[in-house]
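Use the sequences and the hints to build the structure in full.
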Amino acid sequence: MKKYIYSLCLLGVIVYSCKTQQTAPVAASPETSVATANLSKEEMLKKGEDLFNLKCGRCHGLPSPGDFTVADWKPIIAAMAPKAKLNAEETNWVLAYVNENAKK
1 MKKYIYSLCL LGVIVYSCKT QQTAPVAASP ETSVATANLS KEEMLKKGED
51 LFNLKCGRCH GLPSPGDFTV ADWKPIIAAM APKAKLNAEE TNWVLAYVNE
101 NAKK
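Per full-length UniProt numbering, the very first residue in the sequence shown carries number 1; after that it's consecutive.
Derived by calculation from the structure, the hints in this document are not laboratory data.
Incorrect hints may have been included.
[Said to hold, decoys possible] Keeping only pairs whose Cα atoms sit at most 30 angstroms apart, straight-line, the calculated DSBU-like set for lysine-lysine is:
1. Lys46 <-> Lys104
2. Lys104 <-> Lys47
3. Lys104 <-> Lys55
4. Lys41 <-> Lys104
5. Lys74 <-> Lys41
6. Lys85 <-> Lys104
7. Lys103 <-> Lys83
8. Lys85 <-> Lys103
9. Lys55 <-> Lys83
10. Lys85 <-> Lys47
11. Lys55 <-> Lys74
12. Lys104 <-> Lys74
13. Lys103 <-> Lys47
14. Lys74 <-> Lys47
15. Lys83 <-> Lys41
Given below as structure tokens:
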């Protein structure tokens, strides 16, 4: 009987640990939107470049933005931004930087 109870408890722990967690989407705060609106294109691209070099280079070698097209970069940045812990504004800056320098 103890084996069955132990097995049932173990199964419960496994099922519970496999449950996916849903997170609420992060919306840009009004202050963030205003700050972004006040940046020039050059300032935004510079911030994007700095973040790209700092955050994206932590875990792997940096590809050159010119290695990929704009269409290639969109899913790459979408997949990697959460891993780099970029907020929505920072993601937009990095995306603007790589798109500006992407392969034509």
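Against the structure, the hints:
1. Lys46 <-> Lys104: Status holds; Cα separation ~20 angstroms.
2. Lys104 <-> Lys47: Cα-Cα ~22 angstroms, so holds.
3. Lys104 <-> Lys55: The given pair, whose Cα atoms are some 25 angstroms apart, holds under the 30 angstroms limit.
4. Lys41 <-> Lys104: Given pair Lys41, Lys104 holds - Cα atoms ~19 angstroms apart, limit 30 angstroms.
5. Lys74 <-> Lys41: Holds - the C-alpha atoms of Lys41 and Lys74 are around 19 angstroms apart, at most 30 angstroms.
6. Lys85 <-> Lys104: 28 angstroms, holds
7. Lys103 <-> Lys83: 24 angstroms, holds
8. Lys85 <-> Lys103: 26 angstroms, holds
9. Lys55 <-> Lys83: 9 angstroms, holds
10. Lys85 <-> Lys47: 15 angstroms, holds
11. Lys55 <-> Lys74: 17 angstroms, holds
12. Lys104 <-> Lys74: 14 angstroms, holds
13. Lys103 <-> Lys47: Status holds; Cα separation ~20 angstroms.
14. Lys74 <-> Lys47: 18 angstroms, holds
15. Lys83 <-> Lys41: Roughly 26 angstroms separates the two Cα atoms, so the pair holds.
Hint violations for this structure: none, all hints satisfied.
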